[in-house]
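Asker: Sequence:
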Amino acid sequence: MHRLTTSLFKDRVHTRSFYDDIYVFTKSKIIKEHLQELRDVFEILKKNKLYVMLTKCVFCAKEIPRLGDFIGRNGARIDPDKVQTIRDWRVPRTQEQLHSFLGLTGYVQRFCEQYAELTAPLFTLLKKKNQRNSKITLNAVQLRNFKELKRRLSNTPVLQPPDFTQQMHLRTDASQFAVGGVLFQVVDEVERPIAFTSRKMKSAELKYLTQQQELLATANALAAFRIYCLDRPVMVETDHKSLEAEYQPVFAYLSGAKNGIADALSRRSDLKPETKEFHDLLVPSFSETSYQLSVTEVTPTDNLIKNIVAGYAQDKTINEIKRANTKRGTASRSGGVSEKQYKPYFEENNLVWY
0 MHRLTTSLFK
10 DRVHTRSFYD
20 DIYVFTKSKI
30 IKEHLQELRD
40 VFEILKKNKL
50 YVMLTKCVFC
60 AKEIPRLGDF
70 IGRNGARIDP
80 DKVQTIRDWR
90 VPRTQEQLHS
100 FLGLTGYVQR
110 FCEQYAELTA
120 PLFTLLKKKN
130 QRNSKITLNA
140 VQLRNFKELK
150 RRLSNTPVLQ
160 PPDFTQQMHL
170 RTDASQFAVG
180 GVLFQVVDEV
190 ERPIAFTSRK
200 MKSAELKYLT
210 QQQELLATAN
220 ALAAFRIYCL
230 DRPVMVETDH
240 KSLEAEYQPV
250 FAYLSGAKNG
260 IADALSRRSD
270 LKPETKEFHD
280 LLVPSFSETS
290 YQLSVTEVTP
300 TDNLIKNIVA
310 GYAQDKTINE
320 IKRANTKRGT
330 ASRSGGVSEK
340 QYKPYFEENN
350 LVWY
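If you count by numbering that gives the first Met the number 0, then the sequence shown holds residues 0 to 353, one letter each, in order.
Among these hints, one or two may not hold up.
Subject to a maximum C-alpha distance of 30 Å in a straight line, what follows is the list of computed DSS-like cross-link-like pairs (lysine-lysine) [said to hold, decoys possible]: (1) K81 / K134; (2) K61 / K134; (3) K61 / K46; (4) K134 / K201; (5) K61 / K149; (6) K9 / K342; (7) K45 / K28; (8) K240 / K257; (9) K81 / K199; (10) K81 / K46; (11) K81 / K31; (12) K126 / K146; (13) K206 / K240; (14) K28 / K46; (15) K31 / K55; (16) K201 / K240; (17) K9 / K26; (18) K55 / K9; (19) K315 / K305; (20) K46 / K305; (21) K305 / K342.
The hints are simulated quantities; they were obtained by calculation from the structure and are not laboratory data.
Take these sequences, add in the hints, and give me the full structure.
Answerer: And the structure:
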């Protein structure tokens, strides 16, 4: 079903699908434009003889539930039912109760600043090798963090959708045992959070110097928000002044042809290891010639499709894939397509797709 709905609405800019759920949205506030989008979707469904259940449809909503959150024009917020559950949660008295609480709050941690720092003392109660229903007692620090976590998750901000035409800001920090960060943008002189991230430090990271831990916080946040920060400048803000005390680098691209001196120094033959272990680590690569690819999307003609299908008869690999799709696990093992390799392939309209 998911593949079907995705293929039907792949060209629709204002339509998304998730399995048997279809979402129609418009940026304009003019109702006629939204209704026209709905009519177009209904025409596609009618053309393909698909039906929707009217009792499950919601029209012209300001926000909709989506994978446990509520998504609207202003951004994403926690499901109010989850907020009420967290607000009413009593102090855990057993490991099982605490485990359930941390499982629920962990699902919505992207809405909470310093989540890892607040929950670290609570997780220590789960390290004891006892039964899940064994009794636990929260000390003063754990009880304070439990109440603070409930307070923060009961009053979470609405996470804004990113505007990729505007400057991204990343604010990071490190405590003695956790790192965290927030990605945000400034709109009308007001900071609008996009997402929060945090995690506990590993045992080796706890031994880092303060400066190294602050750098770790930045690296962790960049990795967490990689999809937002790729190929665009990001302003990183930190309260650790020493990070810019010695160096303030500005990165710029330089073609390999103009980087001759540094390139030659990196290839000094007297520095090259001659051990077998070093050669085993080398990954075979293509020639160092630079290639520039131009990608164009075209629709194949009927004649081309016929030629492709006809050519399958002489293609040993394609035949193995087709046999494997017909009888799982019977693909040839004599150097052909392995069981793991043929799983991503499927047949549709007599063509083999990946």
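Asker: Confirm or reject each hint.
Answerer: Results of checking the hints against the structure:
1. Between the alpha carbons of K81 and K134 the distance comes to roughly 25 Å, so the proposed pair stays at or under 30 Å and holds.
2. Proximity of K61 to K134 is assessed by CA-CA distance (about 45 Å); at most 30 Å being required, the pair is judged violated.
3. About 29 Å separates the Cα atoms of K61 and K46, which keeps this hinted pair within 30 Å; it holds.
4. Straight-line distance between C-alpha atoms of K134 and K201 comes to about 28 Å, which keeps the hinted pair within the 30 Å bound.
5. This hinted pair checks out: K61 and K149 have alpha carbons roughly 27 Å apart, not beyond 30 Å.
6. Distance restraint check for K9 and K342: the Cα-Cα separation of roughly 23 Å lies within the 30 Å cut-off, and the hinted pair is therefore satisfied.
7. Straight-line distance between C-alpha atoms of K45 and K28 comes to about 27 Å, which keeps the hinted pair within the 30 Å bound.
8. About 34 Å separates the Cα atoms of K240 and K257, which puts this hinted pair outside 30 Å; it is violated.
9. Between K81 and K199, the direct Cα distance comes to roughly 24 Å. Compliance with the 30 Å bound is thereby established for this hinted pair.
10. Proposed proximity of K81 and K46 is contradicted: the alpha carbons are some 40 Å apart, above 30 Å.
11. Taking the CA atoms of K81 and K31, the gap is near 35 Å; set against the 30 Å cutoff, the hint is violated.
12. Under the criterion of a C-alpha separation no larger than 30 Å, the hint pairing K126 with K146 is consistent with the structure, at around 21 Å.
13. For the proposed pair K206 and K240, the alpha carbon gap of about 20 Å is at most 30 Å, so the pair holds.
14. Proposed proximity of K28 and K46 is supported: the alpha carbons are some 28 Å apart, at most 30 Å.
15. As the CA atoms of K31 and K55 are separated by approximately 22 Å, the hinted pair is consistent with the 30 Å bound.
16. The suggested pairing of K201 with K240 holds, with an alpha-carbon distance near 24 Å, which does not exceed 30 Å.
17. Taking the CA atoms of K9 and K26, the gap is about 18 Å. The hint holds against a cut of 30 Å.
18. Annotation: proposed proximity of K55 to K9 holds, straight-line Cα distance about 23 Å (limit 30 Å).
19. A threshold of 30 Å between alpha carbons decides the hint, and for K315 with K305 the separation of about 18 Å falls inside it, so the pair holds.
20. At most 30 Å may separate the alpha-carbon atoms for a hinted pair to count; K46 and K305 meet this at roughly 26 Å.
21. Of the pairs offered as hints, the one joining K305 and K342 holds, with about 25 Å between alpha carbons and a cut-off of 30 Å not exceeded.
This entry does not satisfy hints 2, 8, 10 and 11, going by the numbered hints stated previously.
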